[in-house]
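**Q** The lines below spell out each chain.
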Amino acid sequence: MTSDEQTAAQGVRLPPDTTRTSRLWSQQTLRHSMEPIAMSVSVSRILPDLRDWARRRMAGASSWQSRVAWVLGLAVVYFLAESLASRFTMPGTFIAVIWPASGIAVAVGIMVGPWTALGVLLADALYSTAALGDVSLGLTVAAGNALQAFVIAWAIRRAGSAAHPLATPLSVVRYTLLAALAGTMTSSTIGVAALAVTGTIQMQELAASWLAWYASDVVSMLLIPPFILVWRFERPPRSPGAERAAFLAILAVVTMAVAILPRGSPRFAFAILSLPLITWAAFRFGGRYVVGTTLGLGAAAAVGLARGLNEVSVGSFLEVQMFVGAAAVTGLVVSAAVRRERERLKIAAEHGAGAVSEARDRLLSSFAHELNNPLTPILLNLDLLANPRLDDARRAQALRVIERNAVRLSKLVADLKEVSVLQSRRAFRLHPVPTDLVSVASAAIDSYRAAAANAGVRLVLEAPESVEARADADRIMQVLSNLLTNAFKYTPSGRSIVVKVASSPTRASICVQDEGVGMTRAQIEKLFAPFVQVQEAGVQKEGTGLGLYIARGIVEAHGGSLSCESDGPGHGSRFTLDLPVDCGERALAASVQPAPARGTSA
Amino acid sequence: MTSIAPSRQLLLIVDDEPEILDALIHIAAKSPGTLVMHASSAESAEEVFAHHSVAALLTDVRMPGRSGIELVQSVRARHAPVRCALMTGYHEDVIDGVRLGSLDLVAVLRKPFRAHEARDLIFKLTRVAPS
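Residue numbers (our numbering), protein chains in the order written: chain Z, 432 to 1033; chain G, 1274 to 1404.
Don't read these hints as lab results, they were simulated from the structure. Be a bit skeptical, because a hint or two may be false.
[To be verified] Residues from chain G shown here face chain Z by an in silico Cβ test under 7 Å; the list is partial:
| no. | residue |
| --- | --- |
| 1 | Glu-1292 |
| 2 | Ile-1293 |
| 3 | Ala-1296 |
| 4 | Gly-1362 |
| 5 | Tyr-1363 |
| 6 | Ala-1380 |
| 7 | Lys-1384 |
| 8 | Arg-1387 |
| 9 | Ala-1388 |
[Said to hold, decoys possible] Chain G residues, not near chain Z, derived (Cβ > 10 Å throughout):
| no. | residue |
| --- | --- |
| 10 | Asp-1295 |
| 11 | Leu-1297 |
| 12 | Ile-1300 |
| 13 | Ser-1304 |
| 14 | His-1324 |
| 15 | Ser-1347 |
| 16 | Arg-1351 |
| 17 | Val-1355 |
| 18 | Val-1367 |
| 19 | Gly-1370 |
| 20 | Gly-1374 |
| 21 | Asp-1377 |
| 22 | Val-1379 |
| 23 | Arg-1400 |
Model, not experiment: these values are computed from the prediction. Backbone N, C-alpha and C fix where the C-beta goes; we use that ideal spot for every residue, glycine too.
Let the sequences and hints guide you as you build the complete structure.
**A** As C-alpha cells, this is what we get:
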C-alpha cells in the first residue's frame, strides 16, 4: 500500500489537485488529527496561571522537579503553537508567514536554559509523527527543531546576552545574526534533508522547501522571542494616555486593514504605515510597544495571506516575510538605541543634579564662612564698648567698625538672596525687550561721573549711535555697575576707564577696560567664583565677593558670556560682556567700528 | 604643662582683616609681659620670624597668598619652639586637606568669637611654658 493509499485509508479526503508534498502537510490532515487535542485545552484559562508559575520558577530552575516542569510546560505550549500556526499555512503546503513555536522555544531556552529544548523534542515528536505519518521521519524533524532551539539559546547565552539579549543596538545585531539568520538553518536543513532522503519531497522542490521553512523560522525569531524578552526585561516610559490611545487606534486600523482587506486592495500599502508607527513607538512608548507593533504586523500579514490563500504565490510570501523581518529588526535597533540614549541622559542628569547640589552645598558653606568675617569685628568691638574705661576716640572707632561691618553683612545677605534667585529657575525671570545698549552704558557711566571726578579717574565711552539687542535693561545696568565699581576700586588716580560698545549682525558686546592693578592668570581663573576678591594684603575688603558671580549669572541667563582678560599685574584688566542680538523684526546694527570717543574727563 | 612666671614674650598676630587685627592687638596689649607684633599676610609674618624670636603665633587661616596653615607648617618645619593657634571661620577639623590636629596647636579659635575668648586664647599662648 502506498503512503497515499494509507492516508486515504485513514478516511481523510484530500484535495484532488495537491502535490504529494502538500497532501502530507495539508491543513485538513492536521485539523482532523490535532483539533480535539488543541480544543480540549483552554488557553485563556491556563495562561495567567502559567505566567505566575513561570515567574516563580524562572529564577531558580535548578531542582530536577523544576526542570521537568519546564520541559513539560514548554512541550504543551509548543504543541499548541504548532497547532495554531497550521491554520494559517498556504493550502496544500506547510508554508506559513510565521512559525511561532520555534520562537517560543528559543525565548524559553534563553531565559531558563538550553536544556528546555527537550520539551521541543517531546512536543514536535508527537506533532510531526502525526502529521507525517512516519515515526522515524517525525522524530528526525523533531530532533532538528529541538537542536535548533538548543543551539540558538546556547549561543545567545554564551554571548553574555541572557540578561537582556536585546538591550543595545549591537546586541540586536548579534541576536539577528546568531538567532535569526544563522541558527534557523538548523531545523530547515535537517528537516528538508530528512524529507528528501525519505522521498517525501522531490529533489527539485528541495531549495524552495528549504527557503520557505527557513524564512518562516527567521520571521518567528525576529518577532516571538523579542516580544517575550522585551516584555520580560523592560518597563515602558511614561507617556500621555491620549497619545497612547491614538497610537493603539492607528495600529488597530493598520493591522485590521492588512488582515481583512481583499486581494487587489492596497492592504500591503497599509503595512508600510507600520514603519512610522514603529518609530513613534520606539521614541514614545518603549520596546514593549515596538515588539507589539511588529508582532501585530506579522500576525496581520499571516491572517491576510491565509485569507487569500489560493491567490498568493510563494514569492509573495517571501516578500511579506522580508518586509516583516526588516520592520522587526528596524524596530528593535531603534528601540534599543533610544533606550540607551535615554539611560545615558538620565545618568548625566543625575550626575548634573548631584554636581549642582554639591556646588550649592559648597556655596552655602562658603557663605557661612564669609558671614563670620564681618560678625567677628562686630562682636569684638561690642565687647570693647562694654569697657567703661574706653576712651572716646577708641569708642568712636569701635562704633564705626560696627556700623561698617553691619552694612557689609546686609549686603552679603542681599547678594546671597540674588544668588539664590539666579539659581532658582522658577524665581529668576528676565524681561528682555529691544534695548539700546549704548543708552544703558551711557546711563551707567553718568552715575559714576561724580565719583570719577573726585577720584581723578577719566571715564570714556566709545560707541556707535546705537546698538540694539534683546536684553533686560535693568539687569544689564546691574552688571555694568558691578564692572565699573570693580574698575574704580583698582584704578588709581590719573588713569582711565574706557567703556566700549560694539556689535556684529548676531552679537553685541560691552567692554570695560581699566588701567588699574591688573591680575595674574591664576587670579582670573578664580575671579568669577563666589566670595573671591582680588585684594592686596592689609587693604580693607569691600564688597561681598559675589558681584562678579552674580554678574556672570545674569549675562549667561541672557544667553551671553562675561569674560576677563589682563596682561598681568600693573597692566589693567578688560571685562567683556557678550550678548546675542536677537532683535526680531527690528533692524540690526551693522558691523561698525566704534564711533570717535565721547569722553568724560575728570 | 605648668604655668611659669610672666615674662616678656613676643606674640605675633597675623590677619588680613585690619579691623579684626586691630581689635586683637588692643586685647593682646593688655596682657602683661606680652610684646605684640602684627602682620597682614603669611609672607610678612615670615619676615618677622626672620628678625625676631617669636614665642607665640596667632594666625588667620584664609589670607591672600599663603594660608595660615601653611605658615604654621613652615614654623613646624623649622622646629622652632613656637606656640601656635589658628583663627578660622570654617568649622571643619580638616581644612585644605590638612587635619588641624596634626599641627600641634594650642587651640583653634572659631569665628565669630568674643573678646573674652580671644583673651583666654592669648593667655594660653603666652602663659604656658613651651614643650
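**Q** Confirm or reject each hint.
**A** Verification of the hints:
1. Glu-1292: Holds: closest Cβ of chain Z sits about 4 Å from Glu-1292 (chain G), inside 7 Å.
2. Ile-1293: holds, 5 Å
3. Ala-1296: Constraint on Ala-1296 (chain G) satisfied, holds at 4 Å.
4. Gly-1362: With a minimum Cβ separation of about 4 Å from chain Z (threshold 7 Å), the hint on Gly-1362 (chain G) holds.
5. Tyr-1363: holds, 6 Å
6. Ala-1380: Hint on Ala-1380 (chain G): violated, closest Cβ of chain Z at ~16 Å, above 7 Å.
7. Lys-1384: Given a least distance of 4 Å, the restraint on Lys-1384 (chain G) holds.
8. Arg-1387: Hint holds; Arg-1387 (chain G) Cβ to chain Z Cβ min 5 Å, cut 7 Å.
9. Ala-1388: For Ala-1388 (chain G), the interface hint holds, since the closest Cβ of chain Z sits about 3 Å away, which is under 7 Å.
10. Asp-1295: violated, 8 Å
11. Leu-1297: Non-interface label on Leu-1297 (chain G) violated, nearest chain Z Cβ at 8 Å vs cutoff 10 Å.
12. Ile-1300: violated, 8 Å
13. Ser-1304: holds, 15 Å
14. His-1324: holds, 18 Å
15. Ser-1347: Per Cβ check, Ser-1347 (chain G) is outside 10 Å of chain Z; nearest 17 Å; holds.
16. Arg-1351: holds, 22 Å
17. Val-1355: Non-interface label on Val-1355 (chain G) holds, nearest chain Z Cβ at 21 Å vs cutoff 10 Å.
18. Val-1367: The claim holds: Val-1367 (chain G) sits with its nearest Cβ about 13 Å from chain Z, beyond 10 Å.
19. Gly-1370: holds, 15 Å
20. Gly-1374: Label holds. Min Cβ-Cβ 20 Å, cutoff 10 Å.
21. Asp-1377: With a cut-off of 10 Å, Asp-1377 (chain G) remains clear of chain Z, as the shortest Cβ separation is near 24 Å.
22. Val-1379: holds, 19 Å
23. Arg-1400: holds, 21 Å
Hint compliance for this structure: hints 6, 10, 11 and 12 are not met, and every other hint is.
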